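Read off the chains here:
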Amino acid sequence: MADKISVAAEIEEPERRKVFRKVFRKLGAATVITVFGKAILDSRPAPAASVLRPPGALPEAEFNAACIRCGLCVEACPYDILHLASWSDPAPTGTPYFVARTDPCRMCTDIPCARACPTGALSPLLTDIKKADMGVAVLVGHETCLNYKGLTCSICVRVCPIIGEAISLKPVKNEVGLLQIPTVDSSKCTGCGTCEKHCVLSEAAIRVLPRELGLGVEGAQSVGRW
Amino acid sequence: MRRTLAFFYRNRWLFSRRVMQLLIIAAFAMELPEGGYFAQGNLSSSTWFGIGLTDPYIWLQSLLAGAPLGKSALIGMLIVAGLYALFGGRIYCSWVCPINLLTDLSYWIRQKLHIKSNFTLSKNLRVAILLLSLLLSLLSGKLAWEMVNPITQFQRELMWGSMTGAMVLASIFLFDIFVTRRGWCSHLCPVGAFYSELGRYGRLRVKATQSGACNGCAECIKVCPEPHVLAPVVARKADLVTHGDCTRCGACLDQCSTGALAMSLNLKRAGSFKGIPVVSQD
Numbered sequence: 080m081a082d083k084i085s086v087a088a089e090i091e092e093p094e095r096r097k098v099f100r101k102v103f104r105k106l107g108a109a110t111v112i113t114v115f116g117k118a119i120l121d122s123r124p125a126p127a128a129s130v131l132r133p134p135g136a137l138p139e140a141e142f143n144a145a146c147i148r149c150g151l152c153v154e155a156c157p158y159d160i161l162h163l164a165s166w167s168d169p170a171p172t173g174t175p176y177f178v179a180r181t182d183p184c185r186m187c188t189d190i191p192c193a194r195a196c197p198t199g200a201l202s203p204l205l206t207d208i209k210k211a212d213m214g215v216a217v218l219v220g221h222e223t224c225l226n227y228k229g230l231t232c233s234i235c236v237r238v239c240p241i242i243g244e245a246i247s248l249k250p251v252k253n254e255v256g257l258l259q260i261p262t263v264d265s266s267k268c269t270g271c272g273t274c275e276k277h278c279v280l281s282e283a284a285i286r287v288l289p290r291e292l293g294l295g296v297e298g299a300q301s302v303g304r305w
Numbered sequence: 013m014r015r016t017l018a019f020f021y022r023n024r025w026l027f028s029r030r031v032m033q034l035l036i037i038a039a040f041a042m043e044l045p046e047g048g049y050f051a052q053g054n055l056s057s058s059t060w061f062g063i064g065l066t067d068p069y070i071w072l073q074s075l076l077a078g079a080p081l082g083k084s085a086l087i088g089m090l091i092v093a094g095l096y097a098l099f100g101g102r103i104y105c106s107w108v109c110p111i112n113l114l115t116d117l118s119y120w121i122r123q124k125l126h127i128k129s130n131f132t133l134s135k136n137l138r139v140a141i142l143l144l145s146l147l148l149s150l151l152s153g154k155l156a157w158e159m160v161n162p163i164t165q166f167q168r169e170l171m172w173g174s175m176t177g178a179m180v181l182a183s184i185f186l187f188d189i190f191v192t193r194r195g196w197c198s199h200l201c202p203v204g205a206f207y208s209e210l211g212r213y214g215r216l217r218v219k220a221t222q223s224g225a226c227n228g229c230a231e232c233i234k235v236c237p238e239p240h241v242l243a244p245v246v247a248r249k250a251d252l253v254t255h256g257d258c259t260r261c262g263a264c265l266d267q268c269s270t271g272a273l274a275m276s277l278n279l280k281r282a283g284s285f286k287g288i289p290v291v292s293q294d
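As you go down the protein sequences, you meet chains A and B in turn.
So the number in the working numbering is just where the residue sits in the first sequence, counting from 1, plus 79.
So the number in the working numbering is just where the residue sits in the second sequence, counting from 1, plus 12.
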């Protein structure tokens, strides 16, 4: 009986209530801030890469966690093609990327950028640059590409560092005549971007895209008619 | 000439600090005459003559975000963390961090303009921001603080010449002038909070000399960016500044006209241990 009374008295104690109120108020604030903060972070570019990463980059979600934005890869690149993203760029702040049309990857055989990476965000396991997967070339301009118009520009095929394997000409016969169509072998293409860089059109007809964007991903969205 | 020398001598800690900060910026920006670099990368991770260094706070965010551990980043992190733990974490804030140049300038302007208005912020706010950034890194799988971190932002802007991050720097600058006294470095920045915890038992410390020279003018407290760390010493309740928040900037030493304060490296356990100051017995 006496016990019950003392417990009740403790609960009545205003000091204790004040402490609880304070704690819960703080917990509430922390929850709200966390939820908002996470929403803000998630509103940044989606996990699928929208930019081209240096060779050896981990899959985009892992890359964003592992890359500590130090820029050692940028400084290691002998051709200065890499940039660290600033706020206005389409990649998370501070992460490295390159733009194929202005400056493609030259595919150095010793891969200095990946060697420079301290965290392994650019994997040290990549030893053969021809196995790199920066993206994949996709011929998007079926109406503008000169080869589709019956000419044999074929510049993209001729500049490819993995010549004859990653892009080759495939003869296709249609109402215009016999066309030589530049065709990408996605298993050989490293996504270095040399073809996009050299496309003679003022906007490239062949583009290098991150693999998920260039080839699509099976099962990423429910499909079918209904 | 003598007056200039005297001026430099009176502000020797300040000038040493400025020289150090500018040298670090220059080391990242300049090339060696024969083509190599002093330092490559930036303050999140860098290579100095082939030795890799990594910021432990950014490393921790990356770890929480779920990244695999790179060997050289781990070693570099241990070197940096070890040094700051040994000497005192917030040495980073006043001797290395480039943002300190900006916020010290803000503070100087604030003094010149006699701005008294001060929006009071809790010193614990930065600890909350620190915990939040770690929690968000864990939840989102991204480096939460690196989305905004003005330190690496500053270095990127400087080296690669993009200007969007200048907005952040400008807001910190104005915030420190007009809103809160030493608002950024002493109240908001989670990097400082992290290094404060890391270097809590750092052995490089400001101490009161035993000569009884202090005349109680409290000028040291006025210039201290973290006045609460000096208060026990000035009140003669402690011999040493033991609080992790002390940035070892030496402003108190420059200001003290009596020689009552000194900075010393004390590797022995005596004097203070586990952050508990020993009250002098005289």
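Hints are computed from structural coordinates only; laboratory data are not their basis.
A hint or two may mislead.
[To be verified] Keeping only pairs whose Cα atoms sit at most 20 Å apart, straight-line, the calculated SDA-like set for lysine to any residue is: (1) 267/A / 233/A; (2) 101/A / 134/B; (3) 117/A / 144/B; (4) 105/A / 249/B; (5) 101/A / 151/B; (6) 249/B / 270/B; (7) 135/B / 217/A; (8) 117/A / 81/B; (9) 101/A / 144/B; (10) 83/B / 101/A; (11) 249/A / 206/A; (12) 135/B / 267/A; (13) 117/A / 146/B.
Please read these numbers as outputs of a predicted model, since none were measured by experiment.
Results of checking the hints against the structure:
no., hint, result
1, 267/A / 233/A, "holds, 18 Å"
2, 101/A / 134/B, "holds, 16 Å"
3, 117/A / 144/B, "holds, 10 Å"
4, 105/A / 249/B, "violated, 33 Å"
5, 101/A / 151/B, "violated, 25 Å"
6, 249/B / 270/B, "holds, 19 Å"
7, 135/B / 217/A, "violated, 54 Å"
8, 117/A / 81/B, "violated, 24 Å"
9, 101/A / 144/B, "holds, 19 Å"
10, 83/B / 101/A, "violated, 44 Å"
11, 249/A / 206/A, "violated, 31 Å"
12, 135/B / 267/A, "violated, 56 Å"
13, 117/A / 146/B, "holds, 12 Å"
Violated hints, listed in ascending order, are 4, 5, 7, 8, 10, 11 and 12; each of the other numbered hints is respected by the structure.
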